[in-house]
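Please put together the full structure from these sequences, using the hints given.
From first to last, the protein sequence lines are chains A and B. Numbering follows my numbering, in which position 41 of the first sequence is assigned residue number 1412; successive positions increment by one, without gaps. Numbering follows my numbering, in which position 213 of the second sequence is assigned residue number 217; successive positions increment by one, without gaps.
Calculated directly from the structure, the hints in this document are not laboratory data. Check the hints yourself; a few may be wrong.
With a Cα cut of at most 27 Å, we get these calculated DSS-like pairs of lysine-lysine [to be verified]:
| no. | chain 1 | residue 1 | chain 2 | residue 2 |
| --- | --- | --- | --- | --- |
| 1 | B | 351 | B | 368 |
| 2 | B | 104 | A | 1471 |
| 3 | B | 445 | B | 435 |
| 4 | A | 1471 | B | 26 |
| 5 | A | 1471 | B | 155 |
| 6 | A | 1398 | B | 155 |
The calculated label-pair distances, taken between Cβ atoms and stated as ranges, are [claimed, not checked]:
| no. | chain 1 | residue 1 | chain 2 | residue 2 | range |
| --- | --- | --- | --- | --- | --- |
| 7 | A | 1397 | B | 71 | 39 to 49 Å |
| 8 | B | 201 | A | 1457 | 30 to 40 Å |
| 9 | A | 1457 | B | 363 | 43 to 53 Å |
Backbone N, C-alpha and C define an ideal beta-carbon position, used for all residues, glycine too.
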Amino acid sequence: MLILLALIIGFLYAASIYMFLRRSIMKLVLGIIFLSHATNLLLFVTGGLRSGAPAFTNADGTVDLSTISDPLPQALILTAIVIGLGITAFSLVLIYRFYKETGTVDLDELTESDKT
Amino acid sequence: MTLFLPVILPLAAIVMLLFSYKLNRLQQFISIFSMSLLVLLAIHILLEVISNGPFAMQAGGWEAPFGITFTVDLFSAIMLVTTALIALIVTIYSIGFLDKTRKQAGFYILIHGLVTGVNGSFLTGDIFNLYVWFEVMLISSFVLITLGAEKQQLRGAVKYVVLNLIGSVIFVTAIGLMYGQMGTLNMADIALKLREIEHTGLINSSLMLFFIAFGIKAALFPFFFWLPASYPTPPVAITAFFAGTLTKVGVYVILRFYSLFVITDLTTWQMIVMIIAGITMVSGVLMAASAYDIRKILSFHIISQIGYMIMGLGIATVIGLGGAIYFMVHNILSKTATFMAGGLFFKYRGSYDLKEIGWIYKDKPLLAFLFLLPALSLAGIPPTPGFFGKLFLIYGGFQAGAWEITTVAIIVSIITLFSMVKIWNEAVWKKIPEHSKAVDKKTLPVSSFWSTLVLVVLIVMFGLGTGLYADYFFEAGRQLMDAELYINTVLK
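Here it is, written out as structure tokens:
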């Protein structure tokens, strides 16, 4: 499972960087989405990958660390997903507005504001 | 409770502003009122820290490593006061400066959102909570930078949004790696555990990721390209506030993380920091020398001056860090003031392009001086605060034997003066070019003019009174270097 997740995370990072290097602005947003998914999965792995047991203490207050995974990273991912949702929505509106104003989705159109 | 108020107060103001949506006058009143309260609150916290030393508070009564900690020391208290002051002044400035559409589209709400995020970042003692405050700050700034949706603004915003998002993602990745290693998110707890365990390579890799993430926010070399592309695009009232606060939050966090978490490979880290500081200073100032738009020149100078602050970190002595903190305060004030004065030039002459405008001294001598004083402060002419900031840094640098970076700092200072003199010559002393396309508006919004005047007076007073409170800045530097103090404050 760990190997599989590592491969998926690596693939997502690679895909997002590939998307960043394309010229289309829509692909740029897709790149951001892939990148945040890759990071969420990375956070997920840091909690340990153990399935089948809820993250509760036993009735006598002890914790068997070998059966449960750390629930905190999952809470962090939840926060990160919500923030990611808001940001994705904003970037989509932004590029739509950009397309309306400039009539193009080409990133090379952006150089105008760099001129001194 | 006191420590949570700097976050709760602007949030409460946002709620009230949402209820008074589109009621312009009421919104202005609420904004000025809440920002003034924030200044008083920040001063109250600063006085408390001065008399009783650093202290911490736990959210919801959860014990330190488990809950979210808010903590304040002299450094964060000084930053709180400075940003609250700037927020108040910029809010007043924007009343006369911004057009009605932008104000009604939620400018006041967003600026409160920005202040919430900035205050939260200064106070929190938890790395994931820091990420959340960063996002609060970023989302507000995303909307602020696109407010009005002009073509040029959208072009700048795409770059700003994408590069800052990549920075945030790198930040979360670093948090994930750090948590996987240390099993805690509390900054004091991480610092404590780092001092107990065997140091592994993975800590250095996540520290490097943190450094890159904050380097993007702080606009360090080689991550600064989003700044000159996006900062000049929105109206100056917005840029002035960004210039004063956003990048400095990045610098604040770099200083804080470095002093808490970097304990092995100190010489390597120090060398990296010094080299980056040097290149940041030089590249910023050289790009500014080639620009001819007031906002562009000033934006490039933000980058150059971030280099000075990071240089203080590289020196890593009490004088170096104290000097860096003093320099940050000076830079927040002076940089905002130059932007505000540049905005007034635009209001009066109708253009930001130095080739189109001129002769402000003839029509409005006082306005010319409103630009001159903070500009001289940026260049470091005595007795402005910029002089003392550079004095401390250069003195600290020579004392620590870092003569390479110190020499660079002195040379960059001279080129800064060149840029400022260029704006002065072109905008203030030169005759208006005959072929100029800019149309004189000859209007100066009252609130904008007076708020700039007040800020400039504050800067001059801050410089003249340096001898009275320089020791507090060095004390802040000492507290920043003393990781034990931070750990004990949070975990005791």
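A quick look at each hint next to the structure:
As the CA atoms of residue 351 of chain B and residue 368 of chain B are separated by approximately 12 Å, the hinted pair is consistent with the 27 Å bound. A C-alpha spacing of about 23 Å is found between residue 104 of chain B and residue 1471 of chain A, which places the hinted pair at or below 27 Å, so the restraint holds. Distance hint between residue 445 of chain B and residue 435 of chain B is fulfilled; the C-alpha atoms sit about 17 Å from each other, no more than 27 Å. Of the pairs offered as hints, the one joining residue 1471 of chain A and residue 26 of chain B holds, with about 26 Å between alpha carbons and a cut-off of 27 Å not exceeded.
Only pairs whose Cα atoms come within 27 Å are accepted, and residue 1471 of chain A paired with residue 155 of chain B is accepted, the gap being roughly 10 Å. A distance of roughly 21 Å separates the Cα atoms of residue 1398 of chain A and residue 155 of chain B; the hinted pair therefore holds under the 27 Å criterion. For residue 1397 of chain A and residue 71 of chain B, the hinted distance range of 39 to 49 Å is satisfied, since their beta carbons lie about 42 Å from each other. As the Cβ distance of residue 201 of chain B to residue 1457 of chain A is approximately 37 Å, the hint placing it in 30 to 40 Å holds.
Checked against the hint of 43 to 53 Å, the C-beta distance between residue 1457 of chain A and residue 363 of chain B comes to roughly 48 Å, which is consistent with it.
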